[in-house]
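Chemist: Chains as they are written, first to last, in our numbering: chain A, 1 to 414; chain B, 1 to 304.
Worth flagging that the hints you see were computed from the coordinates, not collected in a lab. Please note: incorrect hints may appear among the correct ones.
Pulled from the structure, derived: some chain A residues nowhere near chain B, Cβ distances all over 12 angstroms [said to hold, decoys possible]:
1) 11
2) 21
3) 52
4) 79
5) 128
6) 176
7) 244
8) 340
9) 347
10) 379
11) 396
No more than 25 angstroms apart at the CA atoms, straight line, and that leaves these computed lysine-lysine pairs for DSS-like [stated by the list, open to error]:
12) A/61 - B/272
13) B/23 - A/184
14) A/309 - B/23
The beta-carbon is built from N, C-alpha and C at its ideal position, and this holds for glycine as well.
The lines below spell out each chain.
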Amino acid sequence: MRLYEYEGKKLFAQVGIPIPRSAYFTKAETGAIGADPQLERIFDDLGGRGVVVKAQVLAGKRGKAGGIRFAHSPEELQELVEGMIGTQFLGEEITGVLIEEKVEFVSEHYISVTYDTVRRQPVLAIGREGGIDVEELAREHPEKLGLRHFGPIVGLLPWVARDAAAEVGFTGRELHKLAAIAVKMWELMVRTDARLVEINPLVKTPNGEYMALDAAIILDSDAQMRHPELNFPPRQATGRPLTERELIAQAIDEGDYRGVAGKYVELDGDIAMLTSGGGGSITLMDAIEAYGGRPANYTEYGGNPPAEKVYRLTKVVATKPGLHGLLIAGGIANNTRVDVTFEGIARALEEIRPPYPIVIRRAGPGEEEGLRLMRELAERLGLDMEVHGAELPMTEAARIIVEKAAAYRQRVEG
Amino acid sequence: MGILISEHTRVLVQGITGREASKVTREMLDYGTKVVAGVTPGKGGQEVHGVPVYNTLKEALSEHPEINAVLTYVPPLAVKDAVFEALEYNIPFINIITERVPLLDAAQIYSYARTKPATRIVGPTSVGVINPGARVKVGPIGGVNVDRVYRPGCVGVISKSGGMTTETSWIIRQAGFGISTAMGIGGDFIKGSAFVDLVPLFFNDPQTKAIVIFGEPGGGDEEALAEYLEKYGMRKPIIAFIAGRFVDHMPQGVQFGHAGAIVERGMGSPAKKIGALRRAGVLIAEVQHEIGALLKDVLGAEPA
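So that you can see chain B by itself, here it is in the shape it has in the complex (with noise of 0.2 angstroms):
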């Protein structure tokens, strides 16, 4: 099981003729991702590959109308037509990996995206999805070396830093357990999927028994995580590390991290976070690799 992801996932990436997409093309393959497509505008014909490169999504769907996932690699001025092409065929699976995309965009794409129940986005400034036991991975999620950090496990994974999401799996692996489904959403001001929208899917998740967050400051998503925790209540055991509590007592206006790592105006601030979440149940690590034992403690020793 897992979320998101399984071995029913067939992708194409938008813009695969670039360098990087290419690139990661090749990690997805050679990891076991089925990628049966890939559009760039004007190159229709070529190969990536061995993948197919079509014109227009319409194409490569009417050539392959299993896909049923889209990972957008276009330029950052080019990503709402990019999704808003894949909204219009709903596809179900989203996923950014784009950085820099401008707000007024993001903001527009997940407006229109809510016209669409059935499609989920994730991103921008995502570095992925994995699915270890489908053995599927969308994006550059744990780069050439993939096996070393990510094996099938419990433990369901969301990050705001695509960075640290492999460095928080590392960790739980560490620790002894693997993962259900891993994912960088990126810290952008406003995302396809925060925190709240993905929880839940790993409360429904049955391989999922706990589920380890990696939180940065600025906006307003793990307060907004904690208020539905106190809400609807906390299913499976959630461990969080809140990065940047440092920057509480750093000059006001620094920017540092992410694009979505800034304390604006008091906004965001990470030991407002950590008090939120703490009083909604969930485990806080103080210094990130605390989580391991934290593990340990909600889960005991995973089968084998």
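Only chain A is shown next, with the shape it has when bound in the complex (with noise of 0.2 angstroms):
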């Protein structure tokens, strides 16, 4: 889970990661027509002078795109966060907003602690320049960017952080002020279970001190369970906000953690997806596209669901708009239940009972019974379907629908 900047800095301020002063201000407090008093206070209390009002979203590069704006007055203030407050802002709706004290700095650096998957090892990296794209430094100057493994048992040491900021140029004090940073961080991902933790830009003041400008944090939501302290509320990560049917299948695994099936990803295609399995959904994907078909949607369910969840499922997947075809497909299963999840399938069907072409092809345990099911399903309701266990690999499945699907769309348009 990606966590909002205002979220990242207070958990800093916990370790002692020094930040600047600021107020988060929401949508919630917003909508009083003429002056808020609670603005004016929250200029006042961070100087007086000029504060920075930073859009609070999960995108990366906010502040080249207008995310990131100076008020100089309490007036400019309230003029700015009603012009961001509730407006969509990079594929996200601002809900709130971050208003800071400014800060005066002489130098930008850069500074984050995640996991190098391919070592299998934490790693600290060091920018002398920050507030840049830092992907774009490692690539074209790989040697401003100070990198160092470390172990995750011991974890990170502070002749570790000192090495790795003397590589790119840090002396003096310099060292001892950012190696003490780094611990921090790492001591931030072992007590939140992060997988990444990033300053950028990280400024030193005019008196010697460092000061994290942003926070990006991004935690593991596989140790979630042993984190319930850390209740930040749900957010979706699609880059726009979630359609109906995204909503409606995001409540089919609420509240009951038997398998998972309601994973749905809208798209603008016309073939829809009921695929299982999180490599055999992907690898359908790619045929359906590999054959020139288009998906109306993604989805996924697997890890055995009872059939009441692939019923609702299957209510969400097959009445989009504007569908050509059905594709219900996934490997041979090693654990789901062709059965069960097939009797919850044929229910949705039976209601729909869909115009278009469908193509099953499924294994795996009660894979006989399901799949009677269905060509019993097809022949009471004159469904236009085609039925195939294991004797036809499972991407061929994709090519039929496909075409199925073509021959179909000429059809009903003739």
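Hey, can you piece these two chains together into the complex? The hints should help.
Modeler: See below:
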């Protein structure tokens, strides 16, 4: 889970990483016509000379896109906040802004701790130049980035950080100050089970102190269970608001941990996908595209979900307007019961009675019963349905539905 | 032959009294795997399908010194503890089936395992390992109808996806070939074994004549394999299918597939993985079932 800057900075404060004085201002508190007295107070509290207003969104590069602005008076602050909150920005709705004191600084730097998945170790990166695109820096000037891998059991020791900092040209007291911040970043990684802690830029103030002007933190969702104290509200990561169908699908897994059937991403093609397994589902998406088709959605159900969940998912997947075909497919399941899941699919199809062609390919525990159920359904309702077991390669099923969908499209569109 | 497991493999199941673990223990025994003991702390003295349960690994080892493989089937937050226990006793093969192991725990497991050169870990999020020639399987791989898909042969399979391990092996069987060893290595960010750790084992296995890998978006495992092959040479033909090319034209930040199958900041894009592997001489299947035709090209017909 990616954290908003203001959430990240709260965690920084907890471990003693210096941050500017600030106030978080949310949508709930706006809507007042005329000057909001609270904003005036915030302006005064933050020094009364000028403040920075930062849109709280999860997308990167918001500075370049105009998401960071300066206000020199309470009136200007009011105007900026009203212009930002509630608007769409980089595919997200701005629900809150972070208002910060303006910080004087003499230089900008980069520092991050994350995991290197190839070396399978945490890695510290310190850059002499900050406020920049670090991927670009790593690609074009790797010598400007001090990288040090370290053991996750011993943790990040100060000398390792001093070593990295010295390599990119820091000297004297800078080394100790940077090392102290790096060590606190690792402490935070362990304390919160973060996958990434990044400060870009980390600035040096005129009196030689360092301060985090930004905070990028990604928490490990697999470790959330051991952090009841980190109860951040759930958020989407699609780069756009969830569609109505996606919201309905999301509710399928709520409160029922038996298997997964609530993952649904709406796309703009015309072939509905009711696919199972993470690997199988992405393989089938590729196959549809390789044969010239366009998927209407992405989904993956698995982990042996009950019939009810798959019924609800089918209702979401197969009722999207403008469909020309439906692919119900997956690999040879190791664990998920084909009969149970197909019972849910059959019940939904019985209600929907799709006019478009359907291709099925599935195998695994309970396959005879599951496939028989579908054949009977097709006969009873007169559906245009092909039912295959393991004898048909999974990705061949994708080719067949692409062809059938194209033919159906021609028929209905003339 | 084959790799990692053989007819000499003697398995202990950690968390054997759990629902899934007990079901999989039954499947393993039915297939022919020698499951000799289980551990569930606090439940020592019980039996699961005739397999004795102990409170500690130490107790189990004193009764069954022949144990040389551990199947880890405990809840996600207990995995680190269980694997450290197995590492302490230098168990040569540890297969972690559990999904959703925290990244920090996986990193610490890998770090400690590096101090135990005689130990090999596969997983987390592994579907298991099967060696049909030795008639031994560890983990849920193959499910209840193992013999439909897995018969002995000369092809090694390494897959990031559990479900696609069996599907890939099925394509291989339909093309007329059998399996030396097949395994799911999981798609987690930090894996006990990556492609680059296992491909050399297949290179050294006389039974294996070709290797098929199933890759996914995310991480750098495919790129690391390509680098290894360019440096040390490709001693046996490798065929790869890399799933998830469609992700390249999807909105950034959407997670498709498993935990590791995420494209973050342009890292781990399938197109880049395919490019790197192709440059290293790996044969790429454009659509998954083309694996069959490519295998026939490189192997001809397998001797019966």
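Chemist: Now, for every hint given, state plainly whether the structure supports it.
Modeler: Results for each hint:
1. 11: holds, 16 angstroms
2. 21: Residue 21 of chain A is indeed farther than 12 angstroms from all Cβ atoms of chain B, at 31 angstroms.
3. 52: The claim holds: residue 52 of chain A sits with its nearest Cβ about 25 angstroms from chain B, beyond 12 angstroms.
4. 79: holds, 31 angstroms
5. 128: The claim stands: residue 128 of chain A keeps its Cβ more than 12 angstroms from every Cβ of chain B (closest is about 21 angstroms).
6. 176: At roughly 27 angstroms from the nearest Cβ of chain B, residue 176 of chain A sits farther out than 12 angstroms, so the non-interface label holds.
7. 244: At about 17 angstroms from chain B, residue 244 of chain A clears the 12 angstroms cut-off, so the statement holds.
8. 340: holds, 14 angstroms
9. 347: holds, 24 angstroms
10. 379: holds, 27 angstroms
11. 396: violated, 6 angstroms
12. A/61 - B/272: holds, 23 angstroms
13. B/23 - A/184: violated, 45 angstroms
14. A/309 - B/23: Holds, at about 23 angstroms.
The structure shown violates the earlier hints numbered 11, 13.
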